[in-house]
Amino acid sequence: MNEHELRILLLIILAAILIVGLLAHMHYFVRITNHIKRTSDRAFQKGDLKIALRIHQGSNFNTVMLFSWCLFVVAIAFLYFLTPEIFPNWNYFSFPKVASDSFGLAYFAAALIIIPGILIGIFIPKGYKYYQISRPLKQATLFVPLLLLVSISSSIYLGTIYPVTDKSFWYLGYASLILALIIMLSPIGKGYLEELRA
Amino acid sequence: MKPCVVGIGGAGGNILKQFLQSMDANLVVHQFGEILSFGDVKGIWLESASQDALGQNYYGNLTQNRYPAYLICHGGVSDSSRTRSYVMDTYGFDLKAQGFDRRAEYLKALFEVFENDPVLKEKCIEEFKVSDNPLSGYMWKAGIRPYTTIAIGGKSSSAPIKTEGDKEEGKAQEAFQKGLSSILKRRNKNGPKSSAYCDSILFLASLGGGTGTGFINPITSFVRSEEVIFPIFALGIMTEKGTDKRHAAEGQRYLGAVIAMYDLLTKESGKGIDGLLLIDNQILKDKFSGNYSAMDGHIYQALKPLLDLRNYPGDQLQDDAPAIRRVFWEVDAENGQDKKDRASEIRLLPPMFVPCYNIQPDYVGDINTLVEGALGKDGRLFPCDPVKADRALVFTRGFFSTVEITEAVASRTHLDPNKIKIYRKLGDSRNEDVLILLRNPYGGSLDEHKCEGTLEWKLHEIISLAIKYVDENQTNILGFQSFTELTKDKLRGYFYGESGLLDELYNCLDRLESGERPVFQKPLSIFGNGGIGSIALEESCAVDQGLMVGDKAKMRELVKSELKEILRSEDCRRRIKEIMQS
Chain A
28 MNEHELRILL LIILAAILIV GLLAHMHYFV RITNHIKRTS DRAFQKGDLK
78 IALRIHQGSN FNTVMLFSWC LFVVAIAFLY FLTPEIFPNW NYFSFPKVAS
128 DSFGLAYFAA ALIIIPGILI GIFIPKGYKY YQISRPLKQA TLFVPLLLLV
178 SISSSIYLGT IYPVTDKSFW YLGYASLILA LIIMLSPIGK GYLEELRA
Chain B
19 MKPCVVGIGG AGGNILKQFL QSMDANLVVH QFGEILSFGD VKGIWLESAS
69 QDALGQNYYG NLTQNRYPAY LICHGGVSDS SRTRSYVMDT YGFDLKAQGF
119 DRRAEYLKAL FEVFENDPVL KEKCIEEFKV SDNPLSGYMW KAGIRPYTTI
169 AIGGKSSSAP IKTEGDKEEG KAQEAFQKGL SSILKRRNKN GPKSSAYCDS
219 ILFLASLGGG TGTGFINPIT SFVRSEEVIF PIFALGIMTE KGTDKRHAAE
269 GQRYLGAVIA MYDLLTKESG KGIDGLLLID NQILKDKFSG NYSAMDGHIY
319 QALKPLLDLR NYPGDQLQDD APAIRRVFWE VDAENGQDKK DRASEIRLLP
369 PMFVPCYNIQ PDYVGDINTL VEGALGKDGR LFPCDPVKAD RALVFTRGFF
419 STVEITEAVA SRTHLDPNKI KIYRKLGDSR NEDVLILLRN PYGGSLDEHK
469 CEGTLEWKLH EIISLAIKYV DENQTNILGF QSFTELTKDK LRGYFYGESG
519 LLDELYNCLD RLESGERPVF QKPLSIFGNG GIGSIALEES CAVDQGLMVG
569 DKAKMRELVK SELKEILRSE DCRRRIKEIM QS
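These protein sequence lines are chains A and B, in that order.
Per my numbering, residue 28 is the first one in the first sequence, and the count goes up by one each step.
Per my numbering, residue 19 is the first one in the second sequence, and the count goes up by one each step.
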């Protein structure tokens, strides 16, 4: 497996983690619904269940998660789409006007946040309100923006020195990105695993 | 149920910390954002010892708009207050004492004078305008009320600051009202959304004879006098045996506890609390080897099923506070002759509740082991025999059906299923737990006080030690340095007089021995039995002063309306005509 294929595989792993998170979230509802159906003496709608499960997670946590998911979109795009190394036809340098601008990276990041970032930022953090998240886990999420900033910084460095490359920075960027993703999905994963035990 | 948790005194403040710990992410070095407590509860710490409040850094001063906050109970009374001087001169009580004397009777007497001395009432109204009690009124209006649903859309409790009058009076009034109005204004401007308001009040206090013991009854009575049907619950923690760190012997502390319990439990429905939850610190001390933080943590943990807002789908209203209040007071249905007999002698007194708690990992999934653990010796937080309870309120977290919970509880308490009220919550998927509140689990059989581990046994022990203390410590009780002769006389009557506390405590022992309930029946007062009212009137030599300003106005209105009615009547008109004609 060459370097290019490895990086594509790593991207697939990221996508797989996201999909697993989504499936776990959906299955969590299925399991809870079954538990309640077994023990409830009255019929209920899915909406009732969502209302019943809802819990305030706190303004700090919500803000951090919203910010983190927006940064995540930026970080993943910067890592894979900033230089032509992985996707020669789909990258930042395909737009020379933007790439040569002093604020080109900022425009690129802003476009990413505005278009997919807002959608993700609005919908994904909402999923957390159905889980009882422990305080230590919430505290751990405070590190996510830092990790994502490390990833973005690494990508920016690689974009700046391009066409020269530095593998170690790329892997640093990837490692911090995947770690951030795992922490971001851990409330859902933990909630699901605990639910599986029941 | 989303209560405003009010910690009173040192222990109350420590336990309250557990309830108010934030569930939100935050920096270690600096807290920012809104505090998110479990079950969205709000809380406030009421303290009289300003040095204790200043010597900690968890709570901030409420008057500086901090949260979580403490409120100094006498913060509304200025140094030069005329009311303070009057109370000091007449009774020997200092309203601004730095931490009141560590005995319940002191605070009981201090609050009673505001209820029973018409001259003092008049002075308070003159000086403070918004309230005839500068302690309870201040705590309620500035401290607790703004967190409750009562505050939504209500009128501001603060009156305009008086501009006339002498300087001294102005200052005293200003201190009271400035504190009050500034808090209320800020709270209205930046206060919580309506969903953040609390639907009930839960008072937390140690029954160890200190501030909590002394304050819990007066403050709950005051709140009840303002809000007749608002749910008010109290959690009293009985202190452990032996002498405490402040060198207060168990007898002295138990006397405080007995006085507090007595006063809380002899106020009829609509005049006091809706229920008293009892916890024995001795049980917790044995369980946690004297680790007080762990003990406080366990109390909080045990109440979590009550506070959890994640109800079963479709059951959102099951634990709304007024509904729980109604269940607390519920009595057995009667019929026929019973109906007539009971209706004539009906006098509902607040019930006692013993919390029983157990937690297990959720994979166990067995309600029987969960309930068994809760009702077993290790789960009971106050000594009692679960079989004697007349009701059980069961709060579960986990996936259990109502039928299986009812069966599990009924088989261990022998209660009729109709007397078992189930409140199911979804819980957290890690553990499943249950809180069972056993109502009045005592009485019905002879000599139960001899059986260790029963509620009769515990109450008998506490009351006996309190009696012993009262018997052996007359000088300590009556000889307090600042008391006036009037206060000493009243205290003597209260403790040692005919049908006084001592007599009544012996009656309580008899009731416990014979299995009669309720144990505490006759309300007792230090100044309330026609004592200080008449003395004050004699002193002022003015019968008119017997009526408060507000009472006079009401009386005038009443007479006016009655006169109008009489003059409008046909009979009266006819007679007037006759007189005119004659």
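Check before you lean on any hint, since a few could be wrong.
What the hints assert, rightly or not - Dumping the calculated BS3-like pairs for lysine-lysine here, alpha-carbon to alpha-carbon at most 30 Å:
1. B/Lys-35 / A/Lys-217
2. B/Lys-141 / B/Lys-578
3. A/Lys-64 / A/Lys-77
4. B/Lys-114 / B/Lys-395
5. B/Lys-285 / B/Lys-506
6. B/Lys-578 / B/Lys-285
7. A/Lys-64 / B/Lys-114
8. B/Lys-578 / B/Lys-540
9. B/Lys-35 / A/Lys-156
Treat the hints as calculated values from the structure; they're not laboratory data.
Tested hints:
With a C-alpha separation of about 27 Å, the suggested pairing of B/Lys-35 with A/Lys-217 holds against the 30 Å cut-off. Taking the CA atoms of B/Lys-141 and B/Lys-578, the gap is about 27 Å. The hint holds against a cut of 30 Å. For the hint linking A/Lys-64 to A/Lys-77, the alpha-carbon distance of about 14 Å falls within 30 Å, and the restraint holds. Of the pairs offered as hints, the one joining B/Lys-114 and B/Lys-395 is violated, with about 44 Å between alpha carbons and a cut-off of 30 Å exceeded.
Restraint check for B/Lys-285 and B/Lys-506: satisfied, since their Cα atoms lie roughly 25 Å apart, inside the 30 Å limit. Our distance criterion of 30 Å between C-alpha atoms is broken by B/Lys-578 and B/Lys-285, whose separation comes to about 34 Å. The hinted pair formed by A/Lys-64 and B/Lys-114 fails the criterion: a straight-line CA distance of about 59 Å is larger than 30 Å. For the suggested pair B/Lys-578 and B/Lys-540, the alpha carbons sit about 38 Å apart, so the restraint of at most 30 Å is broken.
A threshold of 30 Å between alpha carbons decides the hint, and for B/Lys-35 with A/Lys-156 the separation of about 25 Å falls inside it, so the pair holds.
This entry does not satisfy hints 4, 6, 7 and 8, going by the numbered hints stated previously.
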